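*Asks:* Please arrange chain U on chain W, whose structure you already have, making use of the hints.
Chains as they are written, first to last, in this note's numbering: chain W, 1 to 78; chain U, 1 to 622.
Bear in mind the hints are in silico, worked out from the structure with no lab data behind them. Take the hints with a grain of salt, since some may be wrong.
A few chain U positions that, by computed beta-carbon distances, are all more than 10 Å from chain W [stated by the list, open to error]: (1) Y3; (2) G17; (3) V130; (4) N134; (5) D271; (6) K288; (7) E397; (8) E421; (9) E546.
Computed list of lysine to any residue pairs in SDA-like fashion (alpha-carbon distance at most 20 Å, straight line) [what the hints assert, rightly or not]: (10) W:K6 to U:V264; (11) W:K36 to U:E231; (12) W:K56 to U:K217; (13) W:K54 to U:E270; (14) U:K288 to U:K273; (15) W:K4 to U:E270; (16) W:K42 to U:M229; (17) U:K144 to U:E156; (18) W:K36 to U:Q233; (19) U:K273 to W:V52; (20) U:K230 to W:E43; (21) U:K144 to U:K158; (22) U:K288 to U:G181; (23) W:K54 to U:K230; (24) W:K4 to W:L31; (25) U:K276 to W:I5; (26) W:K54 to U:G571; (27) W:K36 to U:S232; (28) W:K56 to U:V573; (29) W:K56 to U:G571; (30) W:K4 to U:K144; (31) W:K56 to U:D271; (32) U:K230 to W:K6; (33) W:K54 to U:V573; (34) U:K276 to W:I11; (35) W:K47 to U:L504; (36) U:K273 to W:S55; (37) U:K223 to U:G298; (38) W:K6 to U:Q275; (39) U:K129 to U:E21; (40) W:K56 to U:P563.
Quick caveat, the model's predicted, so the values are computed rather than measured. Cβ coordinates follow ideal geometry from the N, Cα and C atoms, glycine included.
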Amino acid sequence: MVIKIKYFGLIANNLISEAVLPEGSDVTVLLNHLIKQYPNNKEMLNKASILVNKSKATTSTILNDKDEVMILTVLGGG
Amino acid sequence: MLYGYAGKMLFINLTNGEIKEEVLTKELAENFIGAYGFGAKVLYKMMPAGADPLGPENVVGFITGPTTATRAFFGGRYTTVHKSPVTGGWNDANSGGYFGPELKKAGYDALFVNGISEKPVYIYINDGKVEIRNASHIWGMDTKKVWEVLKEETKEPKLRISAIGPPGERLSYISCPINDGHRAPGRGGGGAIMGSKNLKAIAVRGTGDIPVKDSEKVTEINKIISAAMKESQTAYAFGTWGTGVGTPASALSGDSPVKNWGGVGVVDFEDEKAQKVGAIAIDRYKTKKYSCANCPLGCGAEYKVEDGRWPLEQTERPEYETAASFGSTCLCYEEDALLMCNEMCNIYGFDTISAGMTIAWAMECYEEGVLKEELDGIELTWGNGAAMVEILKKMCEGEGCGKILANGSKYAAKYWGKGEEYLQTASGIELPMHDPRFAPGLARTYQFDPTPGRHVKGGIGSIQMGGNELTDKYDYNGTGMFDLQLTAGTEVMNCSGLCYFHALVSPPGIQNEFISAITGMEFGAEKAFETGHRIYLMRHAFNVREGLKPSDFDIARRAVGKPPLTEGPLGGVTVDEELLGKNFFEAAGIDYETGKPNLETLKRLGHLEEVVEDLYGAEELA
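Isolated chain W (complex conformation) (with noise of 0.2 Å):
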């Protein structure tokens, strides 16, 4: 299955837009996948939050076809 990412925050945009999953996927699984190529960001990815479809998302959340996940790396205290 195609997922489709979004990036927002600390991590530039220059990552892979799209990722090719097994079926029945979560999100850890995606974070994984991202992590394994760009393991430069793996404390950002880590502590992103994640939203699937504009709903808020957990790293066990089962990922379909086409969703859309925004990874949203927030800081605190500007």
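*Replies:* Quick look at chain U alone, frame taken from chain W:
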């Protein structure tokens, strides 16, 4: 000699012109560190309960910390303290730039001003020489112009000032002093306090050195921070784009409020719009990086705006709080309007959070038909950048509806007798730009901190607002002790003169190491916890003496999800702010009903004799 301090505090009474110095005592330095630790102790002694915030008895303090004007990275801040005309209680706010270090190098850890001058004056401090000077010729000037004139007048091109603009002179409740042209202890009406005293500016020039106990250790700590920063994505992002780098993510995640706290980012403020008010987009105007004193991060920048409706030859990058208050909160993604509002707040001396939030409140009132003719014919619709600029200009000039709105949303609602249901305030001050529905611990600090409505007061919310979730953040049981520990740590940080951002990019415990190395004190985790707790109680005691109880402190219902949002990432979230408050007060040794700190806690922490005497009688001091 006290290592880490200039060793003197300056007191000026503007009613009779008295100028006097006091030696900074070892007891005060060791037990209250600096900044508002000193401030709470001094104001409790100097001010009577019930003092009129705009009267001669109110004291405004400008106070540094032990890291200020040393080589310690991030140690460039100073703090203002006073009783607030907005909340009616204790107020502190801090600022970066170069004013704080200059004051300390001029010979003073702190300056406290009371009384009221008959005529406009400014205070000039130059390496221990202190004068109260006529300010009639600069009254009415904006904060950048005042700086130019005073540099010329004093023949000191390196002069630093903290000055108010015309709104402060008119006693606007949301006005503030501005230092270095664009840095501000913005919150709580400090501009009005200076204005009420006919005090236009503090101008300082200092060339002294601050004694440091172990300079080599300070260098070593700086190297540790440098190494950590090289590995930190946060440091890279803040150093490259500033705090506004997080604005789009905050709007969409629910971290920042949207549409006067009633909207949902992913619904009302679509991702393309959110990106427009983020620093990555706006930074195309950047001409130069800006760093506060001794800061290795440099989250500021200068801009030149040549296009759009309001070209600006030289202005500054908006901070996250500013971008969110005028951006997502007003549903505005017009970047030229955002930049113009930021510039106006800087040169006129407005708190950008309260200014943006007041306009957001007025926008909702306009859209709901509550305010119409009151707004002088301006169509203040959601996201209307031109209307936003027009309203803010009126606030800056004190003209028409701007004269009312310049006192903040709560004042305006009361004045017009309308719109109270749309206020998003905590004890009267507009809420800052991190949402307790996203970081529920903030509900406790916003509502119950002695300085309400602040996002820089630590507690569990300070971790949650960065997106970290050590435990289930919506489980409100047993939060008290961790909340107190994180609050005490922040009290120490704020009082040391360190910037909040040092904690985002440095290893844990660095602030205690800096304090130890600079002052020579043994300042481990246990002493830090006790000291932070003591400082908190000193601020809290100021409010208790004013007759304020926990039940007198409130927070807007929307901010705690009452009722909850029905969609988006925060849909269904309700925060139990009362339980969070009870948990914290119990851990801090404070009675939730009366607000009184218990005697055992006061005695255990020590150095709070005046509080013990006022609350429990002099016999308890024996």
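*Asks:* Each hint: holds or not?
*Replies:* Right, here's what the structure says about each hint:
1. Y3: Holds, since 29 Å exceeds 10 Å.
2. G17: holds (41 Å)
3. V130: Fine: 35 Å to the nearest Cβ keeps U:V130 off the interface.
4. N134: At roughly 39 Å from the nearest Cβ of chain W, U:N134 sits farther out than 10 Å, so the non-interface label holds.
5. D271: Per Cβ check, U:D271 is inside 10 Å of chain W; nearest 6 Å; violated.
6. K288: holds (20 Å)
7. E397: Given that every Cβ of chain W is farther than 10 Å from that of U:E397, nearest at about 29 Å, it holds.
8. E421: holds (28 Å)
9. E546: holds (28 Å)
10. W:K6 to U:V264: Holds, at about 18 Å.
11. W:K36 to U:E231: holds (18 Å)
12. W:K56 to U:K217: Distance of about 46 Å is beyond 20 Å: violated.
13. W:K54 to U:E270: Judged against 20 Å, a Cα distance of about 10 Å means the pair holds.
14. U:K288 to U:K273: violated (26 Å)
15. W:K4 to U:E270: holds (16 Å)
16. W:K42 to U:M229: Judged against 20 Å, a Cα distance of about 16 Å means the pair holds.
17. U:K144 to U:E156: Given that 20 Å is the threshold and the Cα spacing comes to 16 Å, the pair holds.
18. W:K36 to U:Q233: holds (17 Å)
19. U:K273 to W:V52: Given that 20 Å is the threshold and the Cα spacing comes to 19 Å, the pair holds.
20. U:K230 to W:E43: holds (14 Å)
21. U:K144 to U:K158: Distance of about 14 Å is within 20 Å: holds.
22. U:K288 to U:G181: holds (15 Å)
23. W:K54 to U:K230: Since the Cα atoms of W:K54 and U:K230 sit roughly 33 Å apart, the hinted pair is violated (cutoff 20 Å).
24. W:K4 to W:L31: Given pair W:K4, W:L31 holds - Cα atoms ~13 Å apart, limit 20 Å.
25. U:K276 to W:I5: holds (19 Å)
26. W:K54 to U:G571: Between W:K54 and U:G571 the Cα gap is close to 11 Å, so the pair holds against 20 Å.
27. W:K36 to U:S232: holds (19 Å)
28. W:K56 to U:V573: This hinted pair holds, its Cα atoms lying about 11 Å apart.
29. W:K56 to U:G571: Roughly 8 Å between the alpha carbons, so the hint for W:K56 and U:G571 holds.
30. W:K4 to U:K144: violated (48 Å)
31. W:K56 to U:D271: Holds: W:K56 and U:D271 sit about 15 Å apart, inside 20 Å.
32. U:K230 to W:K6: violated (26 Å)
33. W:K54 to U:V573: holds (16 Å)
34. U:K276 to W:I11: Since the Cα atoms of U:K276 and W:I11 sit roughly 16 Å apart, the hinted pair holds (cutoff 20 Å).
35. W:K47 to U:L504: holds (14 Å)
36. U:K273 to W:S55: OK: U:K273 and W:S55 at ~18 Å, within 20 Å.
37. U:K223 to U:G298: Since the Cα atoms of U:K223 and U:G298 sit roughly 17 Å apart, the hinted pair holds (cutoff 20 Å).
38. W:K6 to U:Q275: holds (11 Å)
39. U:K129 to U:E21: holds (11 Å)
40. W:K56 to U:P563: Within the cut-off at roughly 18 Å; holds.
Checked against the numbered hints above, the structure breaks hints 5, 12, 14, 23, 30, 32 and satisfies the rest.
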